[in-house]
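Participant: If you want the building blocks of each chain, they are given just below.
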Amino acid sequence: MSSNAKSADPTADVPDADLSEAATGILEQFPNDIDGDLPSEEEVASRLDHMTNQYKVPLDEARRAAVSHYRDVFGLEYDDLEFPGQSAGDVTLSSVDQDEQWVDVTVKVVELWDPTHDSIDQVGLIGDESGQLKFTKWAKAELPALDEGSIYELSNVITSEYEGRYSINLNSRSNIEPVDGDIDVGADVKDVQRSAPMVAIQSGSGLIKRCPDEDCTRVLQNGRCAEHGDVDGEFDLRIKAVFDDGETVQYAIFDREATEAIAGITLEEAIEQAMDALDTSVVEESLIDVLVGRYYFVEGSIVGRYLLVNEAEQHR
Amino acid sequence: MSESNPEATSNSTDTENSNAGRQGRQVAKRAFAAEINDATHVFKQSDEERAPNFALLPSGEVANRYFLVGTVTEVNDVGNEDEYLQARVVDPTGTMFVYAGQYQPQAAAFLSGLEPPAYVAVTAKPSAFESDGETYVSLRPETTTRVDNVTRNQWVAETIECTQARLDAFPDSDNEFVAMSREQYGDSLDLDIYREAINDAREDLGMDVVHRSDGSDSETTTENQNDDASVDEDGDAEEEAVDEAEIAAAVANAEFEE
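Which chain is which? The protein sequence lines are H and R, in order.
Here the numbering used here is used: the first residue of the first sequence is 1, the next is one more, and so on.
Here the numbering used here is used: the first residue of the second sequence is 1001, the next is one more, and so on.
Rather than coming from a laboratory, the hints here were simulated on the basis of the structure.
Worth double-checking, as some hints may not be accurate.
Incomplete in silico selection of chain R near chain H, CB under 8 Å [unchecked claim]:
| id | residue |
| --- | --- |
| 1 | Arg1030 |
| 2 | Phe1067 |
| 3 | Thr1145 |
A partial selection of chain R residues facing chain H, derived with a Cβ cut-off under 8 Å [as the list claims (entries may be wrong)]:
| id | residue |
| --- | --- |
| 4 | Arg1025 |
| 5 | Val1027 |
| 6 | Ala1028 |
| 7 | Lys1029 |
| 8 | Glu1142 |
| 9 | Val1147 |
| 10 | Gln1154 |
Cβ coordinates follow ideal geometry from the N, Cα and C atoms, glycine included.
Excised from the complex, chain R in its bound form (with noise of 0.2 Å):
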């Protein structure tokens, strides 16, 4: 649990360097948007200067990096002086923003050259930020390649198994993430959005989806969602219409909590 951290030293994201392979790496967790963006917690597990941030996931599982597949829709240069890219990248349950600027540069160089739309593959660490007492995810990129649609909806399967089997422990689990994602996300945790994100990957690869008997429907929402969220009468989750100049602005200006 002691590799080197990057967040702490602002001039190097190189996480792939020898150094931090030789003292462990950390998993990448696979989540949809609709989770990764609800996981909003992000904590340190020690006291210690270089101890890794982690990502409290709602369903009781904590991710120091995400590794994922999606569409970028649209790449945005938010910066102020410096470049710095924006990407919005979409999986079947939402949308999740990238974040690359110097520090980032094989990601700033290829989400430049990239013509979206166009399937993307992302390691990339999770950050927290604040604005207007809205607390929202931003993810730093590692790694950025072109993929094609089979690796895509290899990564949307695997990700529906990795999902499920989260969901399905929580109830009787004993697992330390499972008892912190109740007390952190407290009232506003509804796992149920999370099974309905399970429904809707499934759709989209044209798998059966899972009806619950007892399925609370899927306008059920959180204090972690945006009240604008709705879902269409397919069961798809419509794109959070949070207010993305204002994202732009704070994440451009955020010192982040690193």
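If we strip away everything but chain H, and leave its shape as in the complex, we get (with noise of 0.2 Å):
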């Protein structure tokens, strides 16, 4: 099956060519005010051989791998990485759809809200033309403060995803310039209503545990985060549904807040449902045993090919 013909050595998949690519591109993304000096190349691409030839883990994995052992080695944080060459540049707003993407946007700050946490420093609600995104600027990053209804180009930024819904992080790489002139800020058009049955609910809903780290919230799977490895999770309620009229399919995701709302339970009942049962499948279970089957008024914004339930409520 191995149609390698770069490959010199027929055992190995992945090419040496291939590796150090691979290996100068892990090494660009180090700072070189780092303390300590940095692997050669070689050993780098040494590493990745190894898991790649030896191991048999896919490129994209090993170098993901690569480079959370670096970042461990040298106490350096995500946000302290360099990606040159991956930023989008200029985007819009309503265009972002990919999780940790480096973008640049011109926006109007539309609204400051009070920050939750002592490492955010601000954060709100910015627009441009094409619609509005949550943004969240860290506080050690130690960035200019935004004025509400003012004008700033935001370049190195990065995109999140939360649950579908996207948002934009301003952090130490980021940059800020004050721009003239205004923005005509495109409405959140993306907002549905929806009449139909809940056909079903997937599984990963229910009690979950998310990972604790403030910029991660990953769901866990079997206690493990994918970023963060075996952490202690932090509990927490969602529900991933899909409406069908009959026409259509939608799916749609209740977040904590709603799914206490439509399901009459709270995070606190469900987790004693499931230390009663020694299992957490059993809140996911009571789940589909209330709400699946039964015909709904929708309401909620649409991100991507999921609609994000603001409310809900049956519909007699």
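Two chains, two frames, some hints: make the complex.
Facilitator: Pasting the structure below:
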């Protein structure tokens, strides 16, 4: 099955040229002013070779693991890494559809909210002609303050995704430039209402655990975070539902608040249920019993293929 | 159209996994028992191994999945060794047969604990099996839940609308499934059966019954209908007197053509 013409070694799936290119790419992500010496390109390439050609790990995964390893070695945060050539450049807010993508945006600060955590300097809503997104400016980034109603060019900001909803993060690599003029901020036109029965609740619903890292919040799989490894997860409630009116399928996500409202169960009660049964899946099962098969009015915003539920009530 | 197809792997019926979701999920069609039981032509739209099955509804629509709400009147274990539950699900137009075994754990647990009669919402996949030259439709549930009469009536009203829309569009349609229905069901195709079914459903909800001026009466039968099917004076189709024991035995032993 091997069709690897570039490789001299018939047992090697990933040729040396690819490995050294990947190694160079990894080294470029590390800033020059770190404590300690960066590994040589050969050293990184040999690490990749070990994982790909000996342990049969795909190159992308090997690259990710290597970055993670060197990040630990040098005590760097993910935000400290550089991603040359990966920036998507100038984008409009409505076109943001990838997690962890570096972009430049020109926006108006629509609203500033009260930060909920000391690590957050400013949080709120930014908008351009295409739409609006939440933004978070981290305290450790030590960036100048944004004023409500003012226009800024935000460069080297990174997108993040949470339950299908995108936001913009400003960190120490980001730049803020005030800009003259005004922007006619587009309304969040993706708000929709649907009337349909819920025909399924998908696995991964009910009582879940998220990574406690405030930047992360990934859902844990068997107690592991894809980014941070074994962590003590924090309980959360959600429903991944399927609504189907006989014509189209609409996937929907209920966050904790929406789940509590529609199912009449609190997070604490869900945790208790799971404790009693020694099994978190009882929460998902009871949500299926209580919710699936009924007709609903659902209102929320469409992001990607999901409807993020703001309000839902059984249609009677 | 490349949904992960649980039928292809007998030990996985979890269509609700994220994989199936990512690739696009088949819509759940609405149809009454009268039509679902006549949708005996089951086919694949592609040669791919995991291509989904579709049942051809006589009104010119295809269904890989149904959403239905009806009254469970009886649950019987028709399995030989392992438990295999047959539930009779009744709507205003007839009786559907839902079968749940070890590969439908949610539905099997639900049905075995259910005390009929009860209103039940079912999402299910259709399949067809043959017994003594007759083709029967059976439904394999994905999710089953207990609902109230309000939800049940909402489904009946919705299914009246969906069925009516298909019947209205049928005569002038150039839809490929309308053509396929004419071809597959040919002489036995009699859409008046489903107009009658709509009337039965409207009557059930206390709505006015639509009288067709040219209405052929409901004694019209088709080759797909059992000869014993009869109609009482109110126009209510009585339950088809199919040989249940025979169906149960056939289903329990059947290797579904999936």
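Participant: All hints are to be evaluated individually against the structure, with a verdict given for each.
Facilitator: Hint check results:
no.	hint	result
1	Arg1030	holds (5 Å)
2	Phe1067	holds (5 Å)
3	Thr1145	holds (4 Å)
4	Arg1025	holds (5 Å)
5	Val1027	holds (6 Å)
6	Ala1028	holds (5 Å)
7	Lys1029	holds (6 Å)
8	Glu1142	holds (7 Å)
9	Val1147	holds (5 Å)
10	Gln1154	holds (5 Å)
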